[in-house]
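Peer 1: Chain residues, written in single-letter form:
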Amino acid sequence: EAGVVQSPRYKIIEKKQPVAFWCNPISGHNTLYWYRQNLGQGPELLIRYENEEAVDDSQLPKDRFSAERLKGVDSTLKIQPAELGDSAVYLCASSPSAGAYEQYFGPGTRLTVT
Amino acid sequence: GENVEQHPSTLSVQEGDSAVIKCTYSDSASNYFPWYKQELGKRPQLIIDIRSNVGEKKDQRIAVTLNKTAKHFSLHITETQPEDSAVYFCARNSGYSTLTFGKGTMLLVSP
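Taken in order, these protein sequences are the chains called A and B. Residue numbering for the first sequence is 1 to 114, as defined by the working numbering. Residue numbering for the second sequence is 1001 to 1111, as defined by the working numbering.
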């Protein structure tokens, strides 16, 4: 079984530029999460999807971050415009359903904003 | 959500020794407590988890204990090996299935 897939693995951009990250969850997993992991810290939730519905986006900085999961499978997280403080690893995770607690992470996208 | 306090931040042991990492929380509604292992530049991997209806769970050399009354849970690794070196994160569920993570413990196992 393939794990969570993310792309790109690395991205370097200048501040004020836009950037997008893509995630393909484990097949059949209805719940999808986006986390941000700063250096030396644990992952912090940005948004959680149940199928195509964003059910928890309270930690997503909505002035510059947006996300979508149009068909309830793949998801895209976008930042526009990027700021220096956005440099981090962006992790995607998936879970079989809302009632299943186990979360499986992708390899992440390491974003560097210069 | 409320934080999860994780200690120690770094832990150095000799190969073959045991390692213990402890986490405390304050939200009494939490009922799921996973542990993740993250090697440098890799994804966090779920290594063991425990639910609030049990006090201890073992899987070969790793075990997790939970004290719901005191609101703390611990990861125990016995007979440590160099390949156990990594950053370990504890977490608890907050709300429904959302996880709140600790800040991590860097475990170094010296041969």
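Please note that the accuracy of each hint is not assured.
Stated by the list, open to error - Straight-line distance between alpha carbons at most 30 Å, and here's what the computed BS3-like set of lysine-lysine pairs gives:
{"#": "1", "chain 1": "A", "residue 1": "K15", "chain 2": "A", "residue 2": "K62"}
{"#": "2", "chain 1": "B", "residue 1": "K1058", "chain 2": "B", "residue 2": "K1068"}
{"#": "3", "chain 1": "A", "residue 1": "K11", "chain 2": "A", "residue 2": "K62"}
{"#": "4", "chain 1": "A", "residue 1": "K78", "chain 2": "B", "residue 2": "K1103"}
{"#": "5", "chain 1": "B", "residue 1": "K1071", "chain 2": "B", "residue 2": "K1022"}
{"#": "6", "chain 1": "A", "residue 1": "K11", "chain 2": "A", "residue 2": "K71"}
{"#": "7", "chain 1": "A", "residue 1": "K15", "chain 2": "B", "residue 2": "K1103"}
{"#": "8", "chain 1": "B", "residue 1": "K1042", "chain 2": "A", "residue 2": "K11"}
{"#": "9", "chain 1": "B", "residue 1": "K1103", "chain 2": "A", "residue 2": "K11"}
{"#": "10", "chain 1": "B", "residue 1": "K1103", "chain 2": "B", "residue 2": "K1058"}
{"#": "11", "chain 1": "B", "residue 1": "K1058", "chain 2": "B", "residue 2": "K1071"}
{"#": "12", "chain 1": "A", "residue 1": "K71", "chain 2": "B", "residue 2": "K1042"}
{"#": "13", "chain 1": "A", "residue 1": "K62", "chain 2": "B", "residue 2": "K1103"}
{"#": "14", "chain 1": "B", "residue 1": "K1103", "chain 2": "B", "residue 2": "K1068"}
{"#": "15", "chain 1": "A", "residue 1": "K11", "chain 2": "A", "residue 2": "K78"}
{"#": "16", "chain 1": "B", "residue 1": "K1071", "chain 2": "B", "residue 2": "K1057"}
{"#": "17", "chain 1": "B", "residue 1": "K1071", "chain 2": "B", "residue 2": "K1103"}
{"#": "18", "chain 1": "B", "residue 1": "K1022", "chain 2": "B", "residue 2": "K1068"}
{"#": "19", "chain 1": "A", "residue 1": "K62", "chain 2": "B", "residue 2": "K1042"}
{"#": "20", "chain 1": "B", "residue 1": "K1068", "chain 2": "B", "residue 2": "K1057"}
{"#": "21", "chain 1": "B", "residue 1": "K1042", "chain 2": "B", "residue 2": "K1022"}
{"#": "22", "chain 1": "A", "residue 1": "K62", "chain 2": "A", "residue 2": "K16"}
{"#": "23", "chain 1": "B", "residue 1": "K1071", "chain 2": "A", "residue 2": "K16"}
{"#": "24", "chain 1": "B", "residue 1": "K1103", "chain 2": "B", "residue 2": "K1042"}
{"#": "25", "chain 1": "B", "residue 1": "K1058", "chain 2": "B", "residue 2": "K1042"}
{"#": "26", "chain 1": "A", "residue 1": "K15", "chain 2": "B", "residue 2": "K1071"}
{"#": "27", "chain 1": "B", "residue 1": "K1103", "chain 2": "B", "residue 2": "K1057"}
{"#": "28", "chain 1": "A", "residue 1": "K78", "chain 2": "A", "residue 2": "K16"}
{"#": "29", "chain 1": "A", "residue 1": "K78", "chain 2": "A", "residue 2": "K15"}
{"#": "30", "chain 1": "B", "residue 1": "K1057", "chain 2": "A", "residue 2": "K78"}
Worth flagging that the hints you see were computed from the coordinates, not collected in a lab.
Peer 1: Against this structure, judge whether each hint is valid.
Peer 2: Evaluation of the provided hints:
1. A:K15 - A:K62: At roughly 17 Å apart (the allowed maximum being 30 Å), K62 (chain A) and K15 (chain A) satisfy the hint.
2. B:K1058 - B:K1068: 18 Å, holds
3. A:K11 - A:K62: Cα-Cα ~21 Å, so holds.
4. A:K78 - B:K1103: 25 Å, holds
5. B:K1071 - B:K1022: Distance ~11 Å between K1071 (chain B) and K1022 (chain B) Cα, so the pair holds.
6. A:K11 - A:K71: Holds: K11 (chain A) and K71 (chain A) sit about 26 Å apart, inside 30 Å.
7. A:K15 - B:K1103: 27 Å, holds
8. B:K1042 - A:K11: 16 Å, holds
9. B:K1103 - A:K11: Roughly 24 Å between the alpha carbons, so the hint for K1103 (chain B) and K11 (chain A) holds.
10. B:K1103 - B:K1058: Holds - the C-alpha atoms of K1058 (chain B) and K1103 (chain B) are around 23 Å apart, at most 30 Å.
11. B:K1058 - B:K1071: Given that 30 Å is the threshold and the Cα spacing comes to 19 Å, the pair holds.
12. A:K71 - B:K1042: Between K71 (chain A) and K1042 (chain B) the Cα gap is close to 28 Å, so the pair holds against 30 Å.
13. A:K62 - B:K1103: Holds, at about 25 Å.
14. B:K1103 - B:K1068: 21 Å, holds
15. A:K11 - A:K78: The hint holds at about 13 Å.
16. B:K1071 - B:K1057: Holds - the C-alpha atoms of K1057 (chain B) and K1071 (chain B) are around 17 Å apart, at most 30 Å.
17. B:K1071 - B:K1103: Since the Cα atoms of K1071 (chain B) and K1103 (chain B) sit roughly 17 Å apart, the hinted pair holds (cutoff 30 Å).
18. B:K1022 - B:K1068: Satisfied, since the Cα-Cα distance of roughly 13 Å is no more than 30 Å.
19. A:K62 - B:K1042: 28 Å, holds
20. B:K1068 - B:K1057: Distance ~14 Å between K1068 (chain B) and K1057 (chain B) Cα, so the pair holds.
21. B:K1042 - B:K1022: 23 Å, holds
22. A:K62 - A:K16: OK: K62 (chain A) and K16 (chain A) at ~16 Å, within 30 Å.
23. B:K1071 - A:K16: Given pair K1071 (chain B), K16 (chain A) is violated - Cα atoms ~43 Å apart, limit 30 Å.
24. B:K1103 - B:K1042: Holds: K1103 (chain B) and K1042 (chain B) sit about 16 Å apart, inside 30 Å.
25. B:K1058 - B:K1042: 24 Å, holds
26. A:K15 - B:K1071: 42 Å, violated
27. B:K1103 - B:K1057: Distance ~23 Å between K1103 (chain B) and K1057 (chain B) Cα, so the pair holds.
28. A:K78 - A:K16: Within the cut-off at roughly 13 Å; holds.
29. A:K78 - A:K15: Measuring from Cα to Cα gives roughly 14 Å; hence the hint holds.
30. B:K1057 - A:K78: Since the Cα atoms of K1057 (chain B) and K78 (chain A) sit roughly 40 Å apart, the hinted pair is violated (cutoff 30 Å).
In this structure, the hints that do not hold are numbers 23, 26 and 30, in rising order.
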